[in-house]
Amino acid sequence: MSGHDSKYFSTTKKGEIPELKEELNSQYKDKRKDAVKKVIAAMTVGKDVSSLFTDVVNCMQTENLELKKLVYLYLINYAKSQPDLAILAVNTFVKDSQDPNPLIRALAVRTMGCIRVDKITEYLCDPLQRCLKDDDPYVRKTAAICVAKLYDINAELVEDRGFLDALKDLISDNNPMVVANAVAALAEIQESSSRPIFEITSHTLSKLLTALNECTEWGQVFILDALSKYKAADAREAENIVERVTPRLQHANCAVVLSAVKMILQQMELITSTDVVRNLCKKMAPPLVTLLSAEPEIQYVALRNINLIVQKRPTILAHEIKVFFCKYNDPIYVKMEKLEIMIKLASDRNIDQVLLEFKEYATEVDVDFVRKAVRAIGRCAIKLERAAERCISVLLELIKIKVNYVVQEAIIVIKDIFRRYPNTYESIIATLCESLDTLDEPEAKASMIWIIGEYAERIDNADELLESFLESFPEEPPQVQLQLLTATVKLFLKKPTEGPQQMIQVVLNNATVETDNPDLRDRAYIYWRLLSTDPEAAKDVVLAEKPVISDDSNQLDPSLLDELLSNIATLSSVYHKPPEAFVTRVKTTQKTEEEDYPEAGEQSYSDSPARVADSGASPPASSANPQHPASRQPAAPAALPDLLDLGMDNSGSAIVSVDQPASPAGPPLPVVLPASSGQGLQISAQLIRRDGQVFYSMMFENNSQVPLDGFMIQFNKNTFGLAAGGQLQVPQLLPGTSASTLLPMVLFQNISPGPANTLLQVAIKNNQQPVWYFNDKIYFHVLFTEDGRMERSTFLETWKSLPDSNEVSRDFPASVINSVETTLDRLAASNMFFIAKRKHANQEVLYLSAKIPRGIPFLIELTAVIGTPGVKCAIKTPSPEMAPLFFEAVETLLKS
Amino acid sequence: MISQFFVLSQRGDSIVFRDYRGDVPKGSAEIFFRKVKFWKEDGGEEAPPVFNVDGVNYFHVKVVGLLFVATSRTNLSPSLVLELLQRIARVIKDYLGVLNEDSLRKNFVLVYELLDEVVDFGYVQTTSTEILKSYIFNEPIMIDAGRLPPLGPAAMFMQGSKRMPGTAITKSVVANEPGGRKREEIFVDIIEKISITFSSSGYILTSEIDGTIQMKSYLTGNPEIRLALNEDLGIGRAGGRSAYDYGGSAGSGAVVLDDCNFHESVQLDSFDVDRTLTLVPPDGEFPVMNYRITQEFKPPFRINTLIEEAGSLKAEVILKIRAEFPSDITANTILVQMPLPTYTSRVSFELEPGTVGQTTDFKESNKRLEWNLKKVVGGSDHTLRAKLTFSQESHGNITKEAGPVSMTFTIPMYNPSRLQVKYLQIAKKSKTYNPYRWVRYVTQANSYVARI
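Chains as they are written, first to last, in full-length UniProt numbering: chain A, 1 to 896; chain B, 1 to 452.
Excised from the complex, chain B in its bound form (with noise of 0.2 Å):
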């Protein structure tokens, strides 16, 4: 059980604390702070996720900056106390409709009346929003749209990390519209987070996706939904085969999934006849099935460098990368990312002639070079040159002190595995009624990386 929950803003201030057992000092959240920011004496190590620090496990998760921290004295399940805060987080989300500092302090009546409903005596009880609706009677305050920094294409995507990318839905599932009615709509979004390890002569190394379908429903009285997937969905390698001959399935066209998991509220009954899943969506936000797949798709992009070296203090990096998707598909905050060595003192870059919506920059402090593209329509190329001077001679050997080249960039209506949400049925209340249904796909590089 956990003896304290807190979250903390970037600079540590406490912007919520409830302690629910008293068995661990109220100084803790300036202990964990200073623990968390100190962990290595330069500040370049990363602390992990669980720590004991004078007999007190503390447990942390970040999102959207905020750190989220509980704290125990027992040996509990650590699973458990990150999952929960992850659920915390979500359910404020689905709450305050927006999770920020701001949001939170504007509602902390409200937030207090969750946690005490969520945990009891460090206990959770339910991190279901549909359930909390029953107990809960502040109502939030939505913070000014206004106020959110402009939401870009990409923002969408920004908030959270994972499994939760917060949607471009900065709604409330419990506050109504400002015209009284609230709308009648679902949201799904196929969310695919992918990772290619491409070798330096161009062949992929590893590759996976990792994909949640993901719902988010604003149907009054919780009508039973039906979600059709596609009909010749495969789920599990073949036994015996390992993940470094994947690729036998790949001929027949198939989508097949290494494993996937559901959300408890799915009905699997007709599941391995026709691959439709039933559920009674629960209010707030919450994925229906994650999968992941190791069977080979193509890769969106592709990398190219090109290091010559000129004269001992000089070299030449050219990059290309080449967007193999349909062209009435447009990727975009494309980054582009590669290490150089050490003891380069300074960048000059050259693009393509004509090109607009194009940054680059060299990063001082880190070695680091850096390529933005705001958009990449599918089948174009791109080409950057950046020369180099180094402040002292090279090992001879750059490959080896510089890269990998490492890409992001979001994708929408994209999704590699060619898994699809066939059709979306709501069991209907009457002729007339007919709510929004938004089915959305969106791609995501993960670890996309390029070796030189």
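Okay, chain A solo, but in the shape it has when bound (with noise of 0.2 Å):
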């Protein structure tokens, strides 16, 4: 090869798309491969490319791997938009998957199973079925996971063709990467099946356990995530199942190291020896510890895990608090999750030594790591009362600095220390008291406020500190003006003297009159009474012994802390949140569910396996026209264009029931994602024009198990640039109800180069299902404008104005006109605007206009004999490429 990769990105001043085509169908070989790298760089800059598919396609068939290779990358990123022609690329496809070389087998089963197109899937069949057989591991492995890619196409395909009990086999292969493969692709499909398809007995886990010795670092942990399902029967499986996992934790990989210890801890539930779990324990320090010696990214990643881990057996890492302490160079996100371990392994033992770190870090420059570091000093007094003092006396140090955020963050953690050791520590409340005027962050003030309050006695200017905060009573947060009134009812209470008697009117005038806030209202009004029926009863309440807090460093819920510990070396460890908190991933729903909803979509799905069973048992090689299955398909199944007025039809009666109001347009819309492939989401909906705008009607059936909310849609760019013009409204979905919208276009927002065609690609995403995307088609008169009426003078001017190349004519051979007004209204309704008429022997001829945005006229001539089939329509633009549109248009308006 020749020159840089990068000449492939410059771009020349002609036309790129034509000037591809020519190369691409060169007569040289290496000038057809600089081409295709041409296609594949333009496309993976976002360029659209698929005009260019048949060419591509037909540089296909060769030796070359390396142009093959590119070929398929091709083919994998347009086969969906282009179904009908990727249908052409089957035959190779088939071919290769048999060729000697076990590449290129590998490679056209691993394209083959990228490629999501319906048609193509039942092909793969029987090119799977035997790749899972070749005696080439390479093959074999790359088979595996393509079951797991069929499965998310059309898993009754797999079910039905026994793939799956290929697969299992496969767990036994001599090759250990197939088996991790195998795993995988079986872990992947139980994952989205509610039956047990892949349950380890302690047969699969004996040979698993057997193969993670010869597997590659990642087909161990496919092995070790699969198999941390099991359950022991008992304690001495447990402990087997251990010894053979443990010489992992000596790996290089941080995840096979977090994966190894993920199925220690969940064996060592089981194990009731005391000597052996200490011995685990004792095993497991060292590599957790290794694991903070990895790049920060994976250190983040250990360290919520330990979080986790110590929680459960703070024994593990009890002694080694040192490599949590935060190093100079560490991110921030490593510093912060440091500090929370720090804060849970401190013990009186090693108090002094976290004290003295803390103590540093909190004259730090980084703001977040300093407030996180005072607090952590105040959380270890609450966790050990023996080292409270020396906490307290740390943090009066950091107070002198008066560095203002570090002042206001002691205070509030100081409040804490109050409430945990009741009446030992108040003699430091008049260094407190001194920073009072510097606090302008609420908690603080709220803090401080507190403390006055509860401490009212004690301190001799009480009255004065807390009448400093009430000439800004209003402008105060509520967090303030709520301690505020607090405080100051308790400094009543205490020192019933006139001063706070006065203080005591003015703050529940402001409290009660001026304020607007319900819950400082309701509180005020409760002291009122109180203080106005029975100031003893008042006293009682106010003044009551507080329950002592307690610390909070231990604060996820038991059986939230198990569910993470059983995911341990997951996402769900790093977030702390149970899987489904955040995994939107929805189950597939299963057949049984498709047959509650009858509807149209079931039809043509239950069809297909049974046609891919047909089309199974003959060998795919004779099906050397692959055209000729497209064309007997009944319906386009899945998200394929429905192109066939046969397969709209069908769908359309059965999904408009009664009580839902038909979308505005009237007749019924189409299915673009039926119910089996939408995960229960069906969505119908079809391009319309009504008062001079063009909509997109859409309805919405949930026919899942869940609500459905937060749709929205996006448009791939097409020929004429339409786009959403507004937000789509679409309510929250129950399961089992529908709903239906108008979602207004706009045109040329986004136009798509290449040939003018009707295909649209839409996208549809909502908060519970990944997106899906779909194919429609652009209906092209429901372009026409309103304005497209021409005078009969104006009409001939124009028509002899353009060139005679100008005139395109097509015959309907299948359309009829049985009464000439009937279809000039029916034309009219959709902007196509008669003129005259002409009787030519038996003929009608009628002429009529139309017009499309950007006022690009069409002139119009039809010719038929009345009520016998066969029309011929000419036309003339001034843009004789959109002819093929117009015709498609034309007759699909003289059909209905």
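Simulated from the structure, these hints should not be mistaken for laboratory data. Where hints are given, some of them may not hold.
For lysine-lysine, the following DSS-like pairs were computed, each having C-alpha atoms within a straight-line distance of at most 25 Å [as the list claims (entries may be wrong)]:
1. B/K40 - A/K577
2. A/K400 - B/K367
3. B/K35 - A/K765
4. A/K765 - B/K26
5. B/K314 - A/K400
6. B/K26 - A/K402
7. B/K314 - A/K402
8. A/K80 - B/K26
9. A/K546 - A/K494
10. A/K402 - B/K367
11. A/K37 - B/K26
12. A/K47 - B/K26
13. B/K26 - A/K777
14. A/K207 - A/K229
Assemble the dimeric complex from its two separately framed chains, guided by the hints.
Right, here's the structure in full:
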């Protein structure tokens, strides 16, 4: 290869696409290869090169692996938008899957599985079946993953063709790479199925544990993760498992180490011997610590996991607190996690060392880190009674530096320390009061006010201190107002003298009459009533002894902690959230649910496996004409564009139920995403024109088990640059309900280059499901504008002014005009306007005009014998490239 | 399993983008970049390596200024993904010789070919350069070495972080030399990253060595290799002893590792007996062994800081560093940094008379003092005096508002742990077979901090 790949990014002034097209069809191999590289380059920077599909696919039949791979890469990208053309590639795929070269066999199966086009899927089955039993392990391991790919596209097909059993057989394969991929594929399939598919028995367990030793590092992770779901029968089995997994702790790959730790922790639950447990804890500590020598990103994951582990088994790392001391150059996210663990590991034995560290951190530059360090000191004071005094003296030292946010943070934690150890450290209140006027954060202010109120009787000038806050009472945040109210009441109850009495009146007035905050007002009224009815009762209530707070550093709820621990080494353990809180991948609905909702989509859906089985029985080699099966396909299932009227009709009649108002356009909408491919979500949609504007008329039906909300829509680039002109307005859809909407559309937003076509690619997302992509069709006539009417004279002039090369005509042999009147009415309803008519022998000749946005006119001549099939349509327009689209539209309109 | 993999430049341009499963929207790269860039409004805080936006999990690592990113919708192992991202970077570097935006763009076809073999349907297949060689057909296009920024002596460790300090070798494992034949050579680097925290009185509070024996082999035919380490190498601190009272074994002179792990190609059969490692090195760069030491060691630099207040608006900082390694060894690219009180408005510096190759700077934006030294010879002393002027009166405790002093440096041919490769034996193919063997030691500062 010569030169740089970057040259493929350079563009020439004249049309890039035609030039590429020429090069792709060059007779020279090297030129073709270079051209494909240029196409891929364009594709990777987001240019639309889909129009070169046929030309690229033509390069597929080559012995050159490098070129073949490039073509395959292109295919994966565009097959979805060109499903009919993708069929052209099938033959080569099938042939390649039997190539003597194992790399080519594997490549074919790998690529076919990535092309998510149903028509291709059915041809995949036979090659896949062969490749699962291939002699070459590289082919088998690729085939194993391919089963998971296929399951994702069509689960039933996988089950019907017995691929699951073939996959299970691969668990006993003699090549560890194959075993690992089979395990990964089965685990994924199990994840999306509600039936037990991949259950680990003690037999598979021992097989997998043996394979573990020979696997690549990544395979080890797949296997360990799959095995972690295994429940050992008794302590002895658990010990056996642990013994065979422990050597993995020495692995250089952090993922292997963490997955091994997970396995061991899980089995430890069953082990009763304390000696064994102690020994295991000792073995796990060094590898866990070593994770902290990895890249900071890995350290972060390790620390989040260690945080959970030390909550459950504090002894494992009890002596290792030093490794959690923050390094100067640790990223902030690592420092924050280390602080958490330091608090958890702090003990009477190491607290002096820990405090020394915290004190250092509290003088660093990063404000968030400093704040957290100050809070950490307070939390240690609360956790370790014997160290509380030392903690407080460190806090006082920090207050003396007079760095504003340090002082405020210190006051907040000291308030908690007072609540943990009442009547112990009040002597420091005087020092705290010195910083009173520097407080400007609500939480710090509120904490200080609470302290003053709580200890009013010991602070000589408590009334003065509180009074200083009262002036700004109306402007204070609610949190501060509430504390001021309570503190003033406490002061009054403790020192019922004249000053406090005046203060309480001001506060109660402010908090009842002048405020809009119901919490504040209600609390004020309660105090008011208490004070006015029975001051003694008020004392009992307000000055009652408060429960002592406890250490909050082991906050996680035990059941949540257990769940998170069973998810060690997964994202769940990093987020500290159970998986269902963030995994939005909804399980694929099974066919039993499908049957509960008989609808049009179902017919074609349940059809497809049967059809596939048919074609599977005959060798695919016989399908030399790949177009053939496509044409006999009754209705395009799944997300294929519904090109055949048949499909639209039968689906349309079924989906609109009586109590659902049909979309304002009237006729039922074609299904664009059947429930079978939308995990229960069915979408019907069509572009329509109303009041001079294009709308996307849509209906959503939720046949899944969960409420769906947060719908959003996006349109891919298309010939007319159609895009959403507003937000998609769909309310939350409860299971079993549906909603219709009209989405206004705008034109010329994101125009795709290349020849004009009617493809409209749509993506729909909601908060619960993956993004759905489907193809719809742009009905050209919805673009006909209301101002398309032409005067007779203008018509003639325009006709004459356009060159003859702009005249195109087509016959519609199946169309028939039964009545001129009705036909003209129907056409007029779609903004095709009648101008004149004449008779020519037994034929009627009609002249009409239409216009599409940007003022492009179409002059139309329709010729037909009334009541006899066969209509000839001739048009003249400045944009003859639009003619095929136009004819399609006219044909549709004549038919309806 | 991962859904997508992409590489973004520092500006957020997507250089490589591969979608493996099609269940994450195409705009993910943009969503990711915006999220990372504006993690906190002020941009002061770094985004964690793993986060979730709208049900999509984003994983990223930074390698030579590029963001390597993966997305997923499932609850998979984050360490697997992060490790994978590092490995992809390493494999690409093995192939391209140099990993940067330019080389990625020039070799995009090869990169995509690699990505297709490394991951299938989101599942990692292999990250071994050796195995990949049999499936990869594109050849790398080497970028012009002349266009690389000039390589200072320390630049050889500038690429990558932590375990992947790109070596000086910017040579692809697959491409042939311009002359045609490949040179038979093997590189073994003993890289030690040291972390030390000194207390204000100069005691060592914590110290740690993160070491790696890294290998990069260009030997044809993959001959077997034996690496012999110190015979008296100990592994694991005696049970029950904690990190506080290490040093008990220091007297015996033996090197004691707290923990170590090995690359999967390493045979440990004789390791327990005579501390030799046997392996058939795969192609590409890889760590033979990682180790961690908390045993006490002699710090290569001592730092002395003195702060003298001169009135309420002035102070003088005196920084002194002493190189405590042998005089035949030279450290390079030394940087000493110290945060100053936020109300510092001006700093004037005074170096010792006659010094060369030293520069000083006061970074106004983050109030930081910086002292650069090109070279420091073992046994030497260097002093910097900085006169500070304050815009307001200090609170009377400057030491609490300044510091700590931190250092970064590289010391070639020196490793504080005294771990050694005693010999490197290559299974001989013939009498004349005598490939080049490079065994190199280097020490780098990780977190080297002196409190004041």
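Checklist entry - Hint by hint, which ones does the structure fall short of? => result 6
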